[in-house]
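Colleague: These are the residues of each chain, in order.
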Amino acid sequence: MIVAAAALIALLVYGLVAAGESTTLDDAVRRGESPKAPDRELPKLGGGTGSLADYRGKPVVLNFWASWCDPCKDEAPALRRAHERLERAGGTVLGVTVDDSSSDSARFAEQHDLEFPSLRDVDGKLGRDYGRTGVPETFLIDREGRIVAISRGMIDDDFLAAHLPKLLG
Amino acid sequence: MTRRALTALLALAAALALAAPAAQAAEPKASLPDIEDEVMCVSCNVALNVAESPQAYRQREFIRDLVEQGLTKEQIKDRLVAEYGSAVLAMPEDDGIGLAAYLVPVAAVLGLAAVALLVLPRWRRRARAAAAAAGTPAGAVPAGPAVTDEELRRLDEDLRRFDR
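These protein sequences, in sequence, are chains A and B. Just so you know, we're using our numbering here: the first sequence kicks off at 200 and counts up by one. Just so you know, we're using our numbering here: the second sequence kicks off at 1059 and counts up by one.
Note that these hints are calculated values from the structure, not bench results. Please note that a few of the clues may not be correct.
Distance condition first, Cα-Cα at most 35 angstroms in a straight line; then the derived DSBU-like pairs of lysine-lysine [said to hold, decoys possible]:
(1) Lys1135/B - Lys257/A
(2) Lys243/A - Lys1131/B
(3) Lys243/A - Lys1087/B
(4) Lys1135/B - Lys272/A
(5) Lys365/A - Lys1131/B
(6) Lys257/A - Lys365/A
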């Protein structure tokens, strides 16, 4: 009986630790390090598959979004402008849709003139790799595939003005 | 009976034989109320049947479209998972703390079985020892206290009263 109780407690502790919010990337960026950006092959909005590796050697702003997310609507113009600047430098904004049907995502992208590509994180595994806790969240990834800035929430022009030069420089 | 009539009869019998199991196997038509209490509103993390967010309305619309297309409940659930991920099913995740939801019942059953294996033989031994001490064979119900004359008299009296 004692063994069973100990096993149950161990399982619960493991569960809490494993499900705990990952702050590894944030801590590393805060320390001035540039951790390697996690990557997975995912279905692409509109068909086919894609991953961060497709943009190797290019600056990327990775943005988790969903059509039902109001802050995602609010940050759409800033992302559009960021994509225009990145495109000129050979880079891109790479969207990642979360908990969203492909038709709703496609409609949202059309309504907000989002011309950048988006992947569909259907099982949420990429989000877990990034320690995502909500949407929107944004990760600035340099040409070496390393994260140089993180926003756990809506981004604006001030955030992009402060961090985008790290990618474009 | 001509050969043509016989062939037609055989074809009819074969068609009926094929149609009967298909009709039996046909699943009942899916409906929104039947599905929405088994799936989650993915943005609000509550069951879809109690969710009132714009996303919940979109998910209901998505399900209604699939119901109208004639898909079965399981096919609709598969499409929901393909669109929204496994989080749309009202099931715990298979890692982290969600894993406990699957492992704890199994562990509990195994634990109870182990306890039963340990305790039952001991109880049986104790019952045999008690029976041997009382002089009755194991499993036999021991006789109760003897009925007194006074109790027999009261019983007869009660029975006579009921007969009246």
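Colleague: Each hint should be assessed against the structure and marked as holding or not.
Modeller: The hints, checked one at a time:
no., hint, result
1, Lys1135/B - Lys257/A, "39 angstroms, violated"
2, Lys243/A - Lys1131/B, "27 angstroms, holds"
3, Lys243/A - Lys1087/B, "32 angstroms, holds"
4, Lys1135/B - Lys272/A, "29 angstroms, holds"
5, Lys365/A - Lys1131/B, "50 angstroms, violated"
6, Lys257/A - Lys365/A, "12 angstroms, holds"
The structure is inconsistent with the numbered hints 1, 5, although it conforms to all the rest.
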